Amino acid sequence: MPPIKTQTLPLQGEADIVHARQAVRKWAAELAFSLVDQTKIVTAASELARNAIVYGKGGEMRMAALQDGARKGLELVFEDHGPGIADLKLALQDGYTTGSGLGLGLSGAKRLSNEFDIVSKVGEGTCITIRRWK
Amino acid sequence: MERIPILRMGDLLLVTIQVDMHDRLALTLQDDLTQAICTHVARGVLIDISSLEMVDSFIGRMLANISSMARILDAVTVVVGMQPAVAITLVELGMSLDGVRTALNVEKGMALLRGSLDLEPREEEEDAAD
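Chains as they are written, first to last, in my numbering: chain Z, 1 to 134; chain L, 135 to 264.
The hints are simulated quantities; they were obtained by calculation from the structure and are not laboratory data.
The reader is advised that the hints may include incorrect statements.
Claimed, not checked - Away from chain Z, derived, C-beta distances all over 10 Å, residues of chain L:
hint, residue
1, Met-135
2, Ser-185
3, Met-244
Said to hold, decoys possible - Simulated pairs of lysine to any residue, SDA-like, Cα-Cα distance not exceeding 25 Å:
hint, chain 1, residue 1, chain 2, residue 2
4, Z, Lys-72, Z, Ala-15
5, Z, Lys-89, L, Arg-142
6, Z, Lys-57, L, Lys-242
7, Z, Lys-57, L, Arg-158
8, Z, Lys-110, L, Lys-242
9, Z, Lys-26, L, Ser-184
10, Z, Lys-134, L, Arg-142
11, Z, Lys-57, L, Asp-154
12, Z, Lys-89, L, Gly-228
13, Z, Lys-57, Z, Leu-31
14, Z, Lys-110, L, Ser-230
15, Z, Lys-26, L, Arg-142
16, Z, Lys-110, L, Arg-142
17, Z, Lys-110, L, Asp-157
18, Z, Lys-26, L, Gln-164
19, Z, Lys-26, Z, Pro-83
20, Z, Lys-89, L, Glu-226
21, Z, Lys-26, L, Lys-242
22, Z, Lys-5, Z, Gly-69
23, Z, Lys-72, L, Ser-230
24, Z, Lys-134, L, Gly-228
25, L, Lys-242, L, Arg-158
The structure displayed is predicted, hence computed values, not measured ones.
Every residue, glycine too, gets a C-beta built ideally from N, C-alpha and C.
Hey, can you work out the whole structure from these sequences and the hints?
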């Protein structure tokens, strides 16, 4: 399933969260996602982009427009080279945070996606892949 | 520095968020609004978010914080105009904005503010003493 198109955006500073949101909105609209689906994936992207910057000390977001037979989808990969997550199960619980946030970013982004995959290694970083299908 | 304007109308403060807010702008608004409540002795705050295409946990928390801070400063906050897609997403994200008063549009929000301010007069408390 080769992607229709791809793009990589840096996640270094706070302004990049806004850029990531805007790029995801544009692609989701191009894929003719419904307004609710657009809003869901944009919100998930905002949470994960912020996590990569605040907790992961920066990284990148890779976007890919997918076509699987008749269905179209959007894949977003958030990769950082931060401290990694020691206990993924704990990190995915609502309300759990090591920072000052609400602890809804990771669990919320998972609920807002159709597919969610997380790989993290302590000392190496975290890579989260989400997909939403039209 | 970029700022979201706060308009004063009598004892009310009006804010219309029309830009895609980065996190620091949201925090600045929180500080500016609490300061403005004190400076103008405001009794009500109306925040119009009808132009916002998404509310994530950061912006949601900012709205909840403003509401709590305003309450402690004896002002009522109403958030108006949330788009349906934003409401659906916010709840699925896990935020229900407990404690934040909302209204469908500016008109209903103003009516809610006026109503709650008339019911809770600030200066007439001592009348109850006699």
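Honestly, which of those hints from before does the structure not fit? 4, 5, 6, 8, 10, 13, 15, 16, 18, 19, 21, 23, 25
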